[in-house]
Amino acid sequence: EVPLVESGGALIQPGGSLRLSCTVSGFSVSSNYMSWVRQAPGKGLEWVSVIYSGGRTYYADSVKGRFTVSRDDSKNTLYLQMSSLRAEDTALYYCARGGGDYNPFDYWGQGTLVTVSS
Amino acid sequence: DIQMTQSPSSVSASVGDRVTITCRASQSISSWLAWYQQKPGKAPKILIYAASSLQSGVPSRFSGSGFGTDFTLTISSLQPEDSATYYCQQGNSFPLTFGGGTKVEIK
Numbered sequence: 103e104v105p106l107v108e109s110g111g112a113l114i115q116p117g118g119s120l121r122l123s124c125t126v127s128g129f130s131v132s133s134n135y136m137s138w139v140r141q142a143p144g145k146g147l148e149w150v151s152v153i154y155s156g157g158r159t160y161y162a163d164s165v166k167g168r169f170t171v172s173r174d175d176s177k178n179t180l181y182l183q184m185s186s187l188r189a190e191d192t193a194l195y196y197c198a199r200g201g202g203d204y205n206p207f208d209y210w211g212q213g214t215l216v217t218v219s220s
Numbered sequence: 061d062i063q064m065t066q067s068p069s070s071v072s073a074s075v076g077d078r079v080t081i082t083c084r085a086s087q088s089i090s091s092w093l094a095w096y097q098q099k100p101g102k103a104p105k106i107l108i109y110a111a112s113s114l115q116s117g118v119p120s121r122f123s124g125s126g127f128g129t130d131f132t133l134t135i136s137s138l139q140p141e142d143s144a145t146y147y148c149q150q151g152n153s154f155p156l157t158f159g160g161g162t163k164v165e166i167k
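In the order they appear, the protein sequences are chains A and B.
Residue numbering for the first sequence follows this note's numbering, beginning at 103 and increasing consecutively.
Residue numbering for the second sequence follows this note's numbering, beginning at 61 and increasing consecutively.
So here's chain B without its partners, still in its complex pose (with noise of 0.2 Å):
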């Protein structure tokens, strides 16, 4: 099985500054790496698929790089709807695998 590390775990900033979230895979998935965004009490919302494309409707903050091993989300300039955790998701092979979550705050 693939394993997907998130770090940090949890994040606190301030309204404005650049938060990047990193994600790293046991072994290759290529570019097959999505990220989600999931607040209290909601469903999962896909923000970056193929490690660098934007969801129709996210906006142009979040940004995703990386290939191979190693993953990140970027939110350049963090805004107070931006409080909720964030997974990183695998789909190069089953099973399909997810990071363990980062949880990003508002100062």
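The shape of chain A in the complex, shown without the other chains (with noise of 0.2 Å):
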């Protein structure tokens, strides 16, 4: 198992901001492609984002302009920076490994709840 542990899952007020954390062992973060994929509850999978070795990075319309994906390769650690939260961002959030260059997520984290509600 490659455990990615994700944290920073919070109750936030919309239009808040927050920040999630993955922290990665097993592999280095700056030599993958890391992705963000969230679920709403009860709903299906959704993919959020992503981030190339290289730093390039790609988003999902609907967190376009909102929502920045970065990393520390000291501390192996993929960030989410969430801002203008609004209540369909309420979701549970999963880092993965893959999601650039027809790379599947082959690896994922446990998740971390997002909830957004005043």
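Note that these hints are calculated values from the structure, not bench results.
Mixed in with the good hints there might be a few duds.
Only pairs whose alpha carbons sit at most 25 Å apart, straight line, appear in this in silico DSS-like list of lysine-lysine [stated by the list, open to error]:
(1) A/Lys166 x B/Lys167
(2) B/Lys167 x B/Lys105
(3) A/Lys145 x B/Lys105
(4) B/Lys167 x B/Lys102
(5) A/Lys145 x B/Lys167
(6) B/Lys105 x B/Lys163
(7) B/Lys99 x B/Lys167
(8) B/Lys163 x A/Lys145
(9) B/Lys102 x B/Lys163
(10) B/Lys99 x B/Lys163
(11) A/Lys166 x A/Lys145
(12) A/Lys145 x B/Lys99
Please assemble the complex out of the two chains, which come individually in their own frames, going by the hints.
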């Protein structure tokens, strides 16, 4: 098993900001495609963003301009900075390896829950 | 955006049955399709990548096929532990998209 451990989920008011973290052991985030995938309660999977080894990033239209994916290579950690949060952002957020250049998501964390509500 | 449509949305079958799930892409995705299994309260687990390649450690009763727009996931002999929701995902172009899921239940 290659653990990916997400953290940072919380109950947050609409319009607020939050940063999620995904700490990885067993491989380097800097050498892999790393993605965020979310799942609203009782719903299906939605890809959110990816960061390439070279730093290129892509986002789903639903979060573009509000979310930013980044990483700290020295900490082997992936981040998702979320701002202008909306009720529809409420979901379990998974980090996963893969998502770029035809690579599937082969390793997943256990998820961290973000609830946007007043 | 490429839309992924799965059918059926749910299926109930007996242990030992053959189960087939289909996934249709709104445009050609070559063979850039993966299948995932998700059990309640757990993260998804990859089963198949590149349409037909079995992920290491996945039982051989799972198989995938297809190219272009039409794909299938087959469970050759359903086992109790296969009760789960299955998702297809296209990796051909951004935004990456998933099918709506197929819930497999054991009779």
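For the pair supplied as a hint, A/Lys145 and B/Lys105, is the alpha-carbon distance within the 25 Å limit? Holds - the C-alpha atoms of B/Lys105 and A/Lys145 are around 17 Å apart, at most 25 Å.
Would you mind confirming whether the straight-line C-alpha gap from B/Lys167 to B/Lys105 stays at or under 25 Å? Answer holds: B/Lys167 to B/Lys105 is near 23 Å, not above 25 Å.
Quickly compare the C-alpha distance for A/Lys166 and A/Lys145 to 25 Å and report which way the hint goes. Holds. A/Lys166 to A/Lys145 sits at ~21 Å (cutoff 25 Å).
With a cut-off of 25 Å on the C-alpha distance, tell me whether B/Lys163 and A/Lys145 pass. holds, 12 Å
Hey, B/Lys167 versus B/Lys102, does the alpha-carbon distance stay inside 25 Å? holds, 22 Å
Are B/Lys99 and B/Lys163 close enough, with their CA atoms no more than 25 Å apart? holds, 10 Å
Checking one constraint from the list: CA of B/Lys99 to CA of B/Lys167, max 25 Å. Satisfied? Holds. B/Lys99 to B/Lys167 sits at ~17 Å (cutoff 25 Å).
Is the straight-line distance between the alpha-carbon of A/Lys166 and that of B/Lys167 25 Å or less? Status violated; Cα separation ~43 Å.
Checking one constraint from the list: CA of A/Lys145 to CA of B/Lys167, max 25 Å. Satisfied? holds, 23 Å
Under the criterion that the straight-line Cα-Cα distance not exceed 25 Å, is the pair B/Lys102, B/Lys163 satisfied? holds, 14 Å
Hint consistency between A/Lys145 and B/Lys99 [alpha-carbon to alpha-carbon, up to 25 Å]: holds, 13 Å
Quick one, are B/Lys105 and B/Lys163 close enough, alpha carbons at most 25 Å? holds, 15 Å
Checked against the numbered hints given earlier, this structure breaks only hint 1.
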